[in-house]
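A.B. asks: According to our numbering, the sequence shown is numbered sequentially starting from 28.
By construction, these hints were calculated from the structure, which means they are not laboratory data. A quick note: this is a predicted structure, and the numbers were derived from the prediction, not measured. Heads up, the beta-carbon is just placed ideally off N, CA and C, and yes, glycines get one too. A couple of the hints might just be wrong.
To be verified - Here are the computed distance ranges between Cβ atoms for each label pair:
| hint | residue 1 | residue 2 | range |
| --- | --- | --- | --- |
| 1 | Gly341 | Gly450 | 17 to 25 Å |
| 2 | Asp205 | Asp509 | 54 to 62 Å |
| 3 | Asp474 | Ser584 | 37 to 45 Å |
| 4 | Ala308 | Thr370 | 14 to 22 Å |
| 5 | Gly414 | Gly194 | 26 to 34 Å |
| 6 | Lys478 | Glu570 | 19 to 27 Å |
| 7 | Thr36 | Glu570 | 49 to 57 Å |
Stated by the list, open to error - The calculated lysine to aspartate or glutamate pairs, modelled on DMTMM-like cross-linking and capped at a C-alpha distance of 25 Å, are:
| hint | residue 1 | residue 2 |
| --- | --- | --- |
| 8 | Lys242 | Asp440 |
| 9 | Lys478 | Glu588 |
| 10 | Lys478 | Asp573 |
| 11 | Lys565 | Asp195 |
| 12 | Lys565 | Asp368 |
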Amino acid sequence: MAPTSPAETRPSTAAYREARDTLVALTGQHDRAVSEFRWPDVGERFNWAVDWFDAIARDNAATALWIVEEDGSELKLSFDELALRSDQVATWLSGLGVGRGDHVLLMLGNQVELWETMLAVFKLGAVVMPTTAALGPADLRDRVDRGGAKVVVANAADAAKFDEVAGDYLRVCVGEADGWHTYTDAYAVDGHPFETTTAATDPLLLYFTSGTTSKPKLVEHTQVSYPVGHLSTMYWIGARPGDVHLAISSPGWAKHAWSCFFAPWIAESTIFVYNYTRFDAASLLDQIRRAGVTTFCAPPTVWRMLIQADLSGGRGELRELLAAGEPLNPEVITQVQRAWDLTIRDGYGQTETTLQIGNIAGEPLKPGSMGRPMPGVPVALVDPLSGELAEEGEIVLDLSQHPVNLMTGYLGDDERQAEAMAGGYYHTGDVAQRDSDGYITYIGRTDDVFKASDYKVSPFELESVLIEHPAVAEAAVVPAPDATRLAVPKAYIALAPGWSPDAETAQAILAHARENLAPYLRVRRVEFFELPKTISGKIRRVELRDREQHAFEGGTSLSEEFRDDQFPDLKA
28 MAPTSPAETR PSTAAYREAR DTLVALTGQH DRAVSEFRWP DVGERFNWAV DWFDAIARDN
88 AATALWIVEE DGSELKLSFD ELALRSDQVA TWLSGLGVGR GDHVLLMLGN QVELWETMLA
148 VFKLGAVVMP TTAALGPADL RDRVDRGGAK VVVANAADAA KFDEVAGDYL RVCVGEADGW
208 HTYTDAYAVD GHPFETTTAA TDPLLLYFTS GTTSKPKLVE HTQVSYPVGH LSTMYWIGAR
268 PGDVHLAISS PGWAKHAWSC FFAPWIAEST IFVYNYTRFD AASLLDQIRR AGVTTFCAPP
328 TVWRMLIQAD LSGGRGELRE LLAAGEPLNP EVITQVQRAW DLTIRDGYGQ TETTLQIGNI
388 AGEPLKPGSM GRPMPGVPVA LVDPLSGELA EEGEIVLDLS QHPVNLMTGY LGDDERQAEA
448 MAGGYYHTGD VAQRDSDGYI TYIGRTDDVF KASDYKVSPF ELESVLIEHP AVAEAAVVPA
508 PDATRLAVPK AYIALAPGWS PDAETAQAIL AHARENLAPY LRVRRVEFFE LPKTISGKIR
568 RVELRDREQH AFEGGTSLSE EFRDDQFPDL KA
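Full structure from sequences and hints, please.
C.D. replies: Pasting the structure below:
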């Protein structure tokens with residue numbers, strides 16, 4: 028651990044470190060952590076980049092950021108180097124007129140300028156609006172307009188997109204672009220350390236949600252809700268000082284801030300990044316072993332691809348494996364456990380929060396469960412109809428307990444803000460059930476759960492069974508309207524390589540589902556389909572539901588669909 032810096036004498040820094048150290052010491056002791064942990068009181072003024080990052084970074088030669096490119100080139104920066112470089116960028120931006128409260132649209136990839144700019148903008152008391160480079164001009168117009176962008180920071184390759192985005196905003200380019208300020212000019216500036224000028228309640232981050240069911244919401248977080256709130260994420264990861272942490276995550280989305288910014292640096296771990304143009308499991312595994320990665324988090328899609336690769340080369344220095352973004356299917360966990368003798372731990376949270384529920388390192392896991400509530404996070408389940416507390420219902424946060432790790436709200440959207448905070452709870456829109464030991468199992472989005480023959484159907488439960496079949500790479504189950512049963516479960520399937528989208532494959536998948544699901548949960552229809560996804564990679568089941576409903580209402584059949592009654596052998 029780095030020696031204590033003079034900044035550590037600040038009450039806010041000392042309180043933050045004490046809370047962090049409490050959670051590190053209580054790894055594997057969930058009940059004690061829930062009982063003993065208290066969110067740190069960081070006072071009325073707090074700035075994470077100054078009061079925590081700079082406090083641990085000054086004169087600290089440990090590696091803070093390690094970026095490896097596909098061609099083998101790499102860049103390593105120490106904590107001290109990042110503190111100094113972010114000072115330079117902040118000083119330069121200040122000279123361009125960027126100040127407290129300004130909204131900065133940050134559209135960069137996994138490159139050093141991203142981390143420098145995040146820290147620099149924080150130090151200035153300005154507000155970062157992370158944005159994926161996958162967006163086109165139409166989406167960027169929406170973000171600049173609704174997000175009130177005063178500054179845009181982007182790569183030269185993306186600068187032309189903003190030719191079609193009107194607005195009086197400062198333009199900063201990594202590279203060269205006409206009419207843009209050049210980012211590298213910041214390195215010629217004599218930077219200076221910054222002092223905290225922000226109130227703890229000041230805005231820090233604005234995130235657009237991925238929009239799986241509707242127009243993306245604009246989520247506002249404060250100097251506390253993410254920087255302090257992500258103590259819960261660090262605890263779930265099981266990160267320690269000196270660890271090397273790798274998270275497969277794209278900039279522009281909240282999960283990137285979770286696992287590629289706040290949580291590892293709260294723990295004083297190294298953030299390791301491996302950039303690639305096309306996913307290659309073998310190359311990724313080689314890098315994990317070479318770099319001595321100790322904690323590794325990836326979305327379920329990546330884990331599904333990894334189990335199709337050769338895991339026999341061993342786990343290297345890996346100690347903790349994690350998955351987040353969408354529920355992880357039990358079959359994936361089983362295969363990795365068999366190969367590496369390590370268990371992938373699931374966790375649950377949202378853009379609006381930090382980690383709410385998770386399986387903790389060193390604690391018993393239950394198959395299919397995403398774990399228990401994090402210390403300090405007031406999770407409850409509420410019956411959507413009665414509004415009463417229940418053992419199965421919507422996941423909510425109790426607002427009477429003032430959850431630290433919750434957003435301020437949805438900027439400029441009073442209607443959806445009121446819906447989300449109705450009845451004294453923050454409503455996640457996700458349904459789960461809790462067992463007698465307090466373990467919570469995900470059922471689905473409130474919008475995704477449906478009834479078939481008067482039985483409640485969780486798409487996730489059916490999808491977990493379907494992907495156990497080798498033909499299925501991904502699956503999305505939705506209700507297909509049916510005159511007799513009201514609705515029947517239909518699976519849209521993305522096939523694994525080597526399988527044909529024909530009747531033989533459909534019969535094999537339907538037979539597998541029939542053998543492994545209760546009769547009332549049987550998948551009755553299958554269609555091979557390119558699954559519609561949000562720009563962040565989440566399946567848009569709403570589009571598939573609409574497709575089914577429109578076909579039913581129009582009296583048209585979906586010609587590529589296979590139904591179980593087409594295969595008499597299934598009833599044998």
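A.B. asks: Regarding the pair Lys565 and Asp368, is the alpha-carbon distance no greater than 25 Å?
C.D. replies: At roughly 29 Å apart (the allowed maximum being 25 Å), Asp368 and Lys565 break the hint.
A.B. asks: Quick check: does the Cβ-Cβ distance between Ala308 and Thr370 fall within 14 to 22 Å?
C.D. replies: Given range 14 to 22 Å: holds, Cβ gap about 19 Å.
A.B. asks: Within 19 to 27 Å: is that where the Cβ-Cβ distance between Lys478 and Glu570 falls?
C.D. replies: About 21 Å separates the Cβ atoms of Lys478 and Glu570, which means 19 to 27 Å holds.
A.B. asks: Can the restraint linking Lys478 and Glu588 be considered satisfied, given a maximum Cα separation of 25 Å?
C.D. replies: 21 Å, holds
A.B. asks: Lys242 and Asp440 were given as a pair; does the straight-line alpha-carbon distance stay at or below 25 Å?
C.D. replies: The given pair, whose Cα atoms are some 11 Å apart, holds under the 25 Å limit.
A.B. asks: Taking only the CA atoms, is the gap from Lys478 to Asp573 under or equal to 25 Å?
C.D. replies: 16 Å, holds
A.B. asks: CB of Asp474 to CB of Ser584, is that within 37 to 45 Å?
C.D. replies: Violated - the Cβ-Cβ distance for Asp474 and Ser584, about 26 Å, lies outside 37 to 45 Å.
A.B. asks: Do Gly341 and Gly450 keep their Cβ atoms within the hinted range of 17 to 25 Å?
C.D. replies: 51 Å, violated
A.B. asks: Would you mind confirming whether the straight-line C-alpha gap from Lys565 to Asp195 stays at or under 25 Å?
C.D. replies: Distance ~33 Å between Lys565 and Asp195 Cα, so the pair is violated.
A.B. asks: Does the Cβ-Cβ separation between Thr36 and Glu570 fall within 49 to 57 Å?
C.D. replies: 55 Å Cβ-Cβ, so the 49 to 57 Å window holds.
A.B. asks: Quick check: does the Cβ-Cβ distance between Gly414 and Gly194 fall within 26 to 34 Å?
C.D. replies: Between Gly414 and Gly194, where Cβ atoms are some 43 Å apart, the hint is violated.
A.B. asks: Determine whether the Cβ-Cβ distance between Asp205 and Asp509 falls within the hinted range of 54 to 62 Å.
C.D. replies: 59 Å, holds
Hint compliance for this structure: hints 1, 3, 5, 11, 12 are broken, all remaining hints hold.
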